[in-house]
Structure formats: structure tokens, C-alpha cells
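Undergrad: Below, each chain spelled out in residue letters.
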Amino acid sequence: MAKIILNGKEVEADAGKNLLEVILSSGEDLPYFCWHPKMGSVGACRQCAVVRYKDENDTTGRIVMACMEPASDGSVISTNAPAATEFRARIIESLMTNHPHDCPVCDEGGECHLQDMTVMSGHQVRRYEFGKRTHNNQYLGPFINHEMNRCIQCYRCVRFYRDYAGGTDLNVFSSRNKVYFGRAAEGALESEFSGNLVEICPTGVFTDKTFMDHPTRKWDLTAAPSICHHCSVGCNTIATERYGIVRRIYSRYNGEVNNYFLCDRGRFGYEFTNSDKRIRAFKIPGTTEPAGHEEAMQYLAKALKGKSVAAVGSPRASLETNFALKQLVGDSHFSLGMNTHDLEVAQLAFDIVSSGKIKVPSLKEIEQCDSVFILGEDLTQTAPMMALSVRQSIRNQVKPMASQAGIPNWNEAPVRQILQKDHGPLHIAATMATRLDDVATSTFFNAPAEIARLGYAVAHFINQRLRLPDGMEKRALDLAQRIAKDLMASDKPLIISGVHSKSKEVIMASADVALALSEAGKAVSLSLTFEECNTAGLLMLGGSGLEDLPAADVLIVQENDLFRRMSADKAEKMLASYGLVIAIDHIASHTTSNAQVVIPVGSFAESDGTLVSQEGRAQRFYQVFMPEGDTPEPWRRLAEISMLMGKPFQAHDFHEFTSWLAKSNPEFTGIDTMAPPPDFRMLNQRIPREFHRFSGRTSMKAHRNIHEQKPPEDPDSPLSFTMEGYQGHPDPSLITGYWAPGWNSVQAINKYQIEVGGPLHGGDPGLRLFDQTGGQLSYYQDIPQPLAASVNGWTMIPVYHIFGSEELSRKSPPVKEKAESAGLFLNPATAAEAGIKEGDRVIVQIGAQPASLEVKYTESLGKGFAGVPMGYCGVNPEIAFIKYQKEK
Amino acid sequence: MERPLTKNIRTDGQPVFLKEYESQGGYKALPKALKLQPDEVIELVKKSNLKGRGGAGFNTGLKWSFVPKKGDFRHKYLVANGDEMEPGTYKDRLLIEGDPHQLIEGMILSSWAIQADEGFIFIRGEYTYAAEVMSKALAEAKAAGYLGNDILRSGFNFNLHLHTSVGRYICGEETALLNSLEGKRANPRTKPPFPQVSGLFGQPTIVNNIETLCNIPHIINNGAEWFNQLSLTPGDGGTKLFGASGKVKKPGVWELPFGIPMRQIIEENAGGMRDGLKFRGCLPGGASTDFLTEQHLDLKMDYNSVAAAGSRLATGLMIVLDDKTCPVGMVLNMIHFFAQESCGWCTPCREGLPWTEKILRKIEDGRGEMNDLDQLESMVRFMGPGNTFCALAPGATAPLGSALKYFRDDFITHIRDKKCSWK
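Going line by line, the protein sequences match chains A and B. Residue -3 is where the first sequence starts when you use this note's numbering, and the numbers rise one by one after that. Residue 5 is where the second sequence starts when you use this note's numbering, and the numbers rise one by one after that.
Each hint can be trusted.
Pairs of lysine to any residue, SDA-like flavour, derived with a Cα cap of 20 Å:
#: 1; chain 1: B; residue 1: K195; chain 2: A; residue 2: S68
#: 2; chain 1: B; residue 1: K188; chain 2: A; residue 2: D159
#: 3; chain 1: B; residue 1: K195; chain 2: A; residue 2: P396
Computed from the model, here is a short list of chain A residues facing chain B with C-beta under 7 Å:
#: 4; residue: A40
#: 5; residue: R42
#: 6; residue: T93
#: 7; residue: R172
No wet-lab data here; the hints were simulated from the structure. The structure presented is a predicted model; accordingly, all values stated were derived computationally and were not measured. Even for Gly, the Cβ is constructed at its ideal location relative to N, Cα and C.
Please model the complete structure; the sequences and the hints are all you need to start from.
TA: What follows is the structure, given as C-alpha cells:
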């Protein structure tokens, strides 16, 4: 620790930090632009100037940039010396010379860091009397709007996009006061993390294009803490609404999980809640018209009376909803909503990560690992934010090079300069080329069985007692030896695998590698991805595979599309085997259109619930708004149905559900107390969902009733649906937005953290449900045989796309626009043999199901394999043999 | 008077190639240096008081001694800075075009001293003839065994490459040059770390000016004492290429001892002012130095004397202002250049220079107001040393700041008369 004198007061500081971090962490305000806690300092904007004195007797001092100065012991610093304040005002004045005066109509207005910093720096009177330079804007795709005239050249966008996220297509062009941030040519941004530009940009150059389709000022949004529903990582988000429309999603800081960032699927996938695919009315047999609530309930009461009921739960529905469903039909009649193969794969992964034998890392912990071996996952497509964390981790092993040269970690440019392209080992074994290959130390593309064999060989070279697979090629053997050596040479190796190869072999092999490292005394972590946001939670609840669901009179399908789980013929057969199919969902699917009864419920934005991430972190999402239509929380709907069935639930509100859940199973202990209960108050007040500057509360519904209506009451959480309430910083799990006096942009996050870039005041939210230590796990050593060559057809390789494979986000129009077309991935040689070429649209038989796909070449796929996109309409999701017969 | 740097340079303008260079005693220093320990060479250069001729005037031997001797480095690099984009500066061009092997020999010797195995000559893009000459000389040196592996069977390897710049004044800043050489944007780098520790591709690197490197063979051949006595100023070893441009009778570049009075350069070497014109002032070392005026004519041209007078010796090639050229227009021209050449990285330079240019343009065009002068002065302070990321803007505002001091009346006349008196 160091002691520095800041404005005459002694402040304790971490000597490893820079002055800007120390000053902000001390609670003082100091304007800045180019610095970012996750991206370090580069000294470009010169906005954080302070005066540094030689000692306490020095009265002149000199101007230094706080972000570029180490917080060395004994530093004497003033943020408010006239030299510093005048210089900072002049910097803002200079930045504003070319900035448009369009704040009132600018999309960033009201949450603009540049506005805040201008006010903070005290620049008021414009002395610049000349013309402004102007730029052309570019079309950057469906997610991001570009307005270059607003740019203040802080270089944050390219530093995030290129240096942090590994993107290549956004760059800085030209020089002097004409520097231009954009693409070489117009076109959609290619990075999966482009949406973060919206929050990274201190002003309105990069704004959320989806938000602009239904623009709302920050202060007019109703907001609630939420959890991303679009993969198993569990990123924290803030979801916002006005007039019943979800307006936008942005990142909710959680130092253990996603910190400041989100992937584009998580940020822009929300539009499904506003889409015309939403189910908002009941459908019952015998009428083509939507049924009213009473009519539907009467029908259901009759239809369910005395009937046996089976139910299909869903990995994309909350723990409470699945639990309620299971209570409704009983353990034996409850399916987890996955086919038995997928369930077995997921169960295996779950058993390993929940065993407590090997550490399951948070994203933050992933960033701290120093060697990585990925088996069978294209992380950027299946768990994008984990891929972003892996990108950060690979610098760890080489970072000491910088500290040895005396360069502190925060001094970003020199650190990058000295490290160049050097990084620690990242070995990728996957079925096909992945989006992390650009930073991979080695890549190995082969079928899951061969990936597993490579994994077992790695385990063997770590622990000679383990078996070496027979008949391995020399190249694979050498590679295995090298991977083992790299993992053993690091301090914190990380093994990543998951369910997306649909292969138990791959997961078992990854567990054996991790176990071998653990026994060798390494601080190893093992992270396994799941397919959906609550797969892990669902597995904790337990239930059968779809094929094993017993026969019954009635089938309830909860927020699940069976056609995404099974081949079409199997799904149809299953639905037909029940006398009545009731689909409960918020979004239309093949299943809802095949059900006789459809019951509307709320989406994530209209519900409270708990999800368990792949890390085993239970996290609460909160209802953003009370819908005007009949779309209650799914578990509340199920409670209603339980009454119709004559066995009413013991729980009525959300808290009662979580308490019931916690009591039902010791594994869920704490789930009811992990976030404040509904009666929690701060200074006797609820936490407002609305900003204190919210406008229009008396007029928003005046077209219907001129009297101001009572705001809805929330029985399920301590949040209110109004602007009134506790105005300070709430409990960390209840943050509905970031604001502090003078800080209207998301940069206000600084004020919610114990120290900038660190954990939130009160701790980062979420409850780890998996055992962290002391569990048991044995070697699997279930080494598969080498894969035999495919004859008369192709072996199927499941392919995942960040945009297109996930069920909900693919119903978001901007995501759909960005989605990869349905491709049949083939090695050019395989295609040539079949007499087809890239771009051809062909019909293949995947098992018994035909699919129309566009031929796409990839050299990374071996001969005899065909990659098909998972989660695409009409594409058989089950592993099957693929046949292609050329039409004559 | 000895003129080691230019003694070989032919009057017919033809370059001196290998044979001629060798016949004049060239490459004699090489076997001599290879017999010395690298540290001995560094020590010798330190003692010679050779200071960086690019403008900063830092002791060359001392700079070399900062290169780490131990450590696991892929390479150590030596880079010759021949970007020479400083307005009014053309000395390195003479050395490359006239006597290319002198530079090559200097670089081999320097690389031995710092144990560099790879070298680059970074030449200004417009110097196409210099590049042609240099390429030929490099090929000759390689064929003769002076470059490459196992030089003169000493076991020492040094490969030297020519790199022609694609432009930008900022490439003359050594760290921006390194970025450019790496294929990145030519933005200056954060310092520290200095290139000696983390330079080209993150490896230890020395960047020296062409003229600096050309001195090395002579120091090796003749010793530090000889080198020191070439100069009239104790502490500034050797000769210097001085020059003058502007409305003097014979603009040019001459090799002269340090400490020679400015008057002598202007009146003798440059032949005095053109008829009918009087000397009004000069920028003593290129466009990014402060004006000196008549009162400074007897100033000794060495680093400390010029600094004491409030300017910088810098490249040593002066731009002369006469009494019938408008200093406002001259400064506007300079600021226009620098505003164009800002890399766009830091705010004061990127935004401050164009703003300054616009105010000067306004005054020049007769639209100026008296408070514009306060604005200009505050701009000079705003872009002062320490406030900006690199030295471009402080250098760019040097002529403006000093013009406001020495030629304030000209600015006032412009504003009062609403026109330039010389137009």
C-alpha cells in the first residue's frame, strides 16, 4: 500500500494502480475519456490532468495525466489546482470544437459521458468561432448506428474492438483532426461483441440501433435487473421498458461474471419479446378466435378434470417455473424437455461440474488462468462471453515480461508493445474451425471421438498411469505431448468443454485431463458449457428425457419447442400420442402451432425468476414491467392451473415459490435468501424501477383515463413500479441503473464499486450452488475407438451460430438479419466427390428428415463429415447420418 | 579545418560508392572496432561527447549504454532515422546521397557497440534518389562482406535493411518511426519504456539520426580527443552540418565546428542577405524551434548557448526571416504544416493546432481581433511541454510563441489595418 496526499488529504492507495484509479476509487470526481478499467491507460485524451508536486513544500508542481502516473508512495497531488482545472476545461473546449450541438436530439443525450465531463470540467462559453469538420457515417449492420461527427477521438472503440475483443474490421483511419473510426467499407460489424461499443463510446458515435427503433430517454425507462436468457453463461443485464415495449438491454456490472460487457446475442436478442411471434391470447379447441381468460379457464377446468397429466419442462424457463410444473404433475410425469441423448450429455457435464472435485471458474477466474485447452467447443458461438474472457486470459503467462521491464499492468500500450503477439498457450481441439483460432497456439479439427482420444492422450502425458489411446497418429501424439507440457508448465491451467459436440466422450476426456492436472497439484479449473440459460438449474431439479415421459391423457409443454429437441417425425408422434396438448409459452413455435391449447405467459421481461448458469451460479432476474395483457409469470400461471386441477400450490408469490424450492431440496439452500425478499426496504422505501427524472407518469395513460392511475404493486420483489423510492445505491442484486450526481452515463458504475473495476459495494450478486471443494470424481478412461470412415453418407457435425442457433434470439429481427444462413458445411473435397459446390442449395436427409441447406466450404472439416446448423428450423437436431442424393 | 563528415562528398554531386569510399580510407574503422569490446566502443563514443544530431542533443554513448546487456531477447535493433521531414532541413539527405557507405560503416560499428543483429535505415519517402543510392551501397557492402553473417570473419552478424517511409512528419519522432516500421499507425508511443528497453517489435532498439551515425567511423579511427577538439565548444564533440534557407544569397548546408557564431554562418557561408533585405530573425534549427533575432547574431551555435537564448539548436539548419517577409504569414505557414502533420492521438495537438491555424488565418486575412492574441498565447501554453503526448505540438508552437514575443507589432498591425502590409 502507498500513501498519497490528494488535495491535502492523506489517501491509502494500491501502489500497483495509477492515480486516476486511486482518485476515482477514493470517491473524488476526475473527468476522463480514454481510460477504461478493463482496457488500461493510454494517455490520449489528456482529460484527467492533475498537478503533481515534488513534495509538500513544492507550490508550483507540474501537470501530469493521472491515468499515466503510478500511485507511488508519498505522491502529492491536486485535482483542483487552477493549472489543472484550466487545462481540463481547455481540453473539453477543444474536444467540443467539432462536436455537434445536437444534444437535445442526440441518441446519447442524457446518458452521455461527454455531457457529464463537459459539465464537470466547467467549459461553458464557446470561444471557437470557426467551422466544424464533418464526416460521412457508415452503415454498420443491424445492431450499431454510426454518427462520426460526434466523435471526440478517445480511441476507446478501436481499443476495445481490436485489442480487447480481437475484432479486425473496425479501425482508425486518416490522421490529425480528421481521424475516422469505422470500417474500410460500409458493412455489418463482424465482431460478436460490437454492441459494447455503445457503452464504450463516451458519446453518441456508436449507439444501439435497435433502441433507436423505439427510442426512449434514459430517464423515461422502467428498468429491472435481469439475467441474459440466450446462453448458459448467465451474464447480468439491465432490461428496460416503456409503453409495454422492451426498449433495450445493457450490461449490468458483475465483477465475477460479465463485468462491463455483453455479447451481441445477449444485447440484441431481446427483440423477440416485442415481436409479432409473441403469444398474447389463449387458444382453445373449437374456435378460431382467441379465447378470453374466463372461457379458457373454464375449458381447462373441464379438460383437466380427472385426467392424467404429463409435462415437459424447459431449460430456457426459470427454476421456479420448472419446479411449479414438476409439482403440478409429479416427479414421474415430468420431463426436462431434452431428448435422452442430449440429456445424458448434459447430465454427465453436470455431474462433473457439480461434483466439487475440480474448481469451476467464474468468467473473472477464467481471465486469471494462464493456459487453456478447449475440447469440442466453438466458444464464441456457444458461450460468447467466455470466449472473450479466454482472450484476456492468454496474456497472463507472458505478462511478467512487461513487469520485468518495469511496466505496470495498467500501462496498456507499452504492455501490448512488449508482449507483441506473444501469449500463453491456448490449444483448441474442435470439430471445425472456431472463432478463437486467431489466437490459438494449436488447432486440431476432427470428429468428437478423435477429440476425446486427443484429450485422453493429453491426460496420459500428464499422468503416465493413464492409458494412451491405441493407434494414434504421430501428429496427434506430438500435439498431445505438447499440450500436456504446456498445461503442466502453467500455474492455473483451464480446461473448457461442453455439450455442444453432443458427445459424452469429449466431456469425459476433458474431465480426465482436468483430474490428471489436479492430481499433479495444479490449480486447475474446468468449465463446461450447457446449451441454455437454465440447463444447469433444470438438471438440479431432475426429470426424465422426452422419450421416457410416461403416457398420459394430457401433455403440458412449458416454454419448449419439441421440434428443436427431436426429429420432426418423433416430435409429431409424441404430440399425437397425447389426447390433448397444452402449450404454455410466450412465443410461437412449431409446438405451439401443433398444440390444441395455447396459454400465454410473460417473457423474461414480464417475469421474476432464477436461472442457474453453467458455473452453478444462481441468479435472479426481475420483472421489468407489469404487462397490460394476460401474460403473467409462467409460475403464477401454473399456480392458477393448479387450482383448476384441484390441488392448489402452497406458494402464491415469488418469494413463497423460492422458499418452497429451497425447502424441497437441500441443493437449493439459500436460493430464497440470495436476494432481498419482497418486504425488504431501504430507509423504509422500495427500490424504484424508474429514474427520479422519469417523465410522463401522469400523462402516459391519459388517452384512456385522465386521472392518474395507481401504479401497479409488486408482490414479488422489493422493487417498485414508480420513480419514488430509495434514491441511493441499492443492494447490489437490485441495481436498476447507474447514476450518481454528475454521472449520467454508464460510467457511473465507478460509484457502485468498492474500487473502480472491482466488486460492487455489497459484493457481486449470485449464489454458487455447486460444491466448491471436497467432491469425488474418478477417471473415466472410456477411450473411444478411432472413428471409422463414413461410407455412403456423411457423419454429422453439429454447428452452432451465435446468431441463429439460439431459440429466442433468432426471433429477434435484428439478430435474424445478422444470422448465418442455414449451411451444409463440407470439405471442398467432400463436396467435389458429391458433385456439388459452394453456394449450391441442396436437400440432404439428416436421419429420416430432409433439410434444404446451402453448401459452405470449410477446409477444417475432414472428409466424410458434414456440419449442419443446430437450432435451425427444419434441421434435425438429433445426431444422425447424413445422406445426399444428387437430383437427376 | 577538418570536415570528416563531408570530406568524401564530391562536388559533381555523384555519390561515393564502395571503391572510392575504401580508397579514401573507408571501412578501416570496422576491423579496428571489432577488435574492441562493445563496451569499449560505447565508452569511446561517450567520451567523444557526440550528441544526437536529430535535435535532442542527447549523449549518444550514454543512450547506447541503456541497452540491456543481459536478457532473453529475440533481437536487438539499430535504426537510422533518416525521416528528415523537419521543414528547412536537408542535411541527412546530403550524407546519404553523397557518401552512403559512411552511414553503413557507422551503423555496423554502432550495432557492434550495442550488439544489434538487425538494422533499418528509415528514409523519408520523398527521398527517392537517396533510397536508390542507399540500395546500391547496401548491395555493395553486402557483397563485400561488410554486412550479413560473420562480418570480416569476426563471428558478428548484422543485417541491414532500407525502409522508405510512406510519409508523415511524425515518423521522425523515434517511437512513431518504430510503429511505422512495424506497419502500425505512426503514433508516438508511451515513454517510458524507452526504445532502448522496448523498441522495435518490443525488443531493445537504438534509434539514431543519420548524421549522428556518420560520425562513428571517424571517432573510431581518430579517437575521442580528436573528435572533441574539432569543436569550438567544450562538451559538444565534433562538427555539425549547419545550413541556412530563406532569402540569403547562397542557401546551403556546410560542415562547421560547434560553437561557430550564427553571424558567421549567415554572412560568410550563406553570403549574407539578398540585396535590399535585412536580417530580421531566424528559426535556428528547423521549423519547430523558437525565433532568434538580430540581438542573437553573435550567439555561439551549440546546444547550450542556443538553449540559453530561449530556442533550440535542434537540426542546426536555420530558416532566415528577412524584413520584407511577413512573420504572421510565415508562422501561419508553419502551423498549417504542423496541424496537417498531427497524428491525431492526443487532444491538445489534434484540436489545438487546427484551431490555432484558423485564428492565424483570420488575422492574416484581416479579420483578426485584439483578443485573438490572448487566444494564441493561451494556445501556446495549452500545447506546452508535458501537456501533450509527444513533442510535436510544443515544437509546433515554438515559432508562434516566440513570434508573439519578438514580432508582436506585426500581429497588431495586421489586426489594426485589417490586412497584411506585405500583400
